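K.L.:
Generate coordinates for the entire structure from the input sequences, incorporating the hints supplied.
Residue numbers (my numbering), protein chains in the order written: chain C, 1 to 324; chain U, 1001 to 1248.
Bear in mind the hints are in silico, worked out from the structure with no lab data behind them. Careful, some of the hints might be misleading.
[Claimed, not checked] With a straight-line cut-off of 27 Å between C-alpha atoms, the simulated DSSO-like cross-links for lysine-lysine are:
1. Lys1221/U to Lys123/C
2. Lys1002/U to Lys1168/U
3. Lys1016/U to Lys289/C
4. Lys1196/U to Lys1002/U
5. Lys197/C to Lys1246/U
6. Lys147/C to Lys1024/U
7. Lys1024/U to Lys256/C
8. Lys291/C to Lys1168/U
9. Lys2/C to Lys59/C
[To be verified] Chain U regions said to be covered by chain C (calculated; three or more residues, Cβ under 8 Å):
10. 1011 to 1017
11. 1230 to 1236
Given the structure is predicted, the values throughout are model-derived calculations rather than measurements. Glycine residues also receive a C-beta, built at the ideal position from the N, C-alpha and C atoms.
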Amino acid sequence: MKILAFAEQRNGQFKKTAFEVVTAAKTIAGQLNGEVIAVVVGNNIASIAGQLGGYGVAKVLIVEDTRLELYSTTAFAKIIADVVKEEGVEIILLPASEMGKDVAPRVSVKLDAGLAAGCTALKVENGIVKATRPVYAGKGLVDVIVKTPVKLFTLRPNVFTASAPGNIEAVVERRQVNLEETDFAVSVKEIKASSGKKDVAEADIIVSGGRGLKGPEHFGMIEELAGSLGAAVGASRAVVDAGWRPHDEQVGQTGKTVSPSLYIAVGISGAVQHLAGMSSSKYIVAVNKDKDAPIFTIADYGIVGDAFEVVPAITAEVKKILGK
Amino acid sequence: MKILVFVNHVPDTETKVKVGADAKSIDPTGVNYMLSPYDEFGVEEGLKTKQQLGGEVVVVSLGGETNKETLRKALAMGCDKAVLLKDSSVRDSYSVARSLADYAKEYGADIIFCGKQSIDYDDAQVGALVAEMLGIPSVSVVVKLEIKEGSITAEREIEGGHEVVVSKLPAVICAQKGLNEPRYPSLKGIMDAKRKLIEEKIPAAVESRVEVIAMSNPPAKAQGKIVGTDASAAAELVRLLHEEAKVL
Ligand SMILES: Cc1cc2nc3c(=O)[nH]c(=O)nc-3n(C[C@H](O)[C@H](O)[C@H](O)COP(=O)(O)OP(=O)(O)OC[C@H]3O[C@@H](n4cnc5c(N)ncnc54)[C@H](O)[C@@H]3O)c2cc1C
Ligand SMILES: Nc1ncnc2c1ncn2[C@@H]1O[C@H](COP(=O)(O)O)[C@@H](O)[C@H]1O
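P.N.:
Take a look at the structure:
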């Protein structure tokens, strides 16, 4: 059985999710006696493709074209579907990143395949892949199976751990996919980067601030703590709605769902809608002056105190320990 | 312009999820339902598009009789017409999308708005599925949209920035928070909505491709540790993160 891993890259660099997806593919391949193929789509990607060998991929297919420098939902969907048909792939894993979430449904229609989206665990039982996915913003979990012969799964970023890379180079094969102008019916013209800041959706550590910070001018101390940790800055909806912070920082049911290793919530009460977006973080720290704030019910470590005193003290300690 | 808006009727965000007797779905007892928040941005963008280009806005929901509450809300916001694709069976995103796409085709939509995801199953699939079924463009997670002479320029949120996407109508646009500020229904809107007829149609049965075999609640978290009550606890906290949790 062949398992295809879509290894996402941007600007000629693999995203962390690429290694997570490839590792997950390798794990289920082990249980299904299958073989993992990876596919990389873009422009000037030949030099990075071999890296995937270190994660146990035997063969990496690359599809290169100058028009694939930036993402196109229509072109990428066609390429992935073509590769699947050509190779006779039965299971396809993609990241549940903004690219993977966008392209996977289209691939599923092209292949008459069911898609289980945003999975947080994959298990093989009696030769069948069973996926676990959070529903109702993580307040429930469902186990699902895909009933079609070809099956797609997208994997939530930061949940599946990538194995430590070995130094085996994979065999890289170039694939030609015939792309017409019409295959670029939807295309990205440019990317506007948000001034080099880390995105909560990808960060391994997040420091989030809420209304307890009293005003936008006090987010400097959140940024400083985040800076000392190499973390992204997040926010509750209350402060986003108040215009203190941009909405791409909002964590929660109507913001981003995150699963970092460490989530530090400062001056955030912990409303269910906020918890919905971050409760699957590996470790949660809360700083809040109200000992009864609901955030403490899910925090691993808490400090009941005034953020204005506690946060600078944490920053100072972090700098000591990390030598920055 | 023939403008379609897809809206889903979902448990409100306060809902405590209790697993139902079938061990596969939510126990609906005591659950309040609402117009899925992202779909509200879709409705607003549909109404704004009509203001700009004229035409009509038709709002569509697939589900049971109670989905009419959500359709009424959309009507109250100003949509011209509502259609209920009446079917209360358990459907996956594919099956929902199939019926919505069939309706969109029959209606001949110039543009379709939906939310970036429903906040029940958090699938984020339906918009792109419908687009692919209809063979038309789609842009997901849209925070900015411009329509000019049949061409669209949209900004969609990605990790660490925005992609500026160009395409043509007809297309499916999946709304993200930030696209607009949804209007509140006016009193007149609410009154009018009560009188408007909601058209009912029975969609064809479509077999689901993804089957839920079990539902559970995530394991409860053990009580955490309160490290201290003032700044002097910072050193201990950082030590714990470094040595116990090993996340630093
Ligand atoms: C449909 C819907 C969707 C929603 N989606 C989201 C979402 O995606 N994300 C989200 O976050 N919310 C969401 N909400 C809003 C949510 O219900 C809360 O209103 C919001 O999370 C509260 O933000 P907050 O914790 O910053 O503010 P508050 O609830 O006001 O909490 C402020 C906290 O700061 C503490 N505090 C005050 N001063 C200090 C100090 N000096 N030091 C330390 N602590 C201090 C207080 O004790 C309090 O606990 C949604 C709501 C609805 C209805
Ligand atoms: N039952 C439904 N009826 C109408 N629209 C729906 C339905 N389910 C999903 N949608 C639309 O599709 C979007 C994405 O939903 P989903 O893929 O379920 O996360 C939603 O925001 C709605 O706009």
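K.L.:
Of the numbered hints stated earlier in the document, which are not met by this structure?
P.N.:
8
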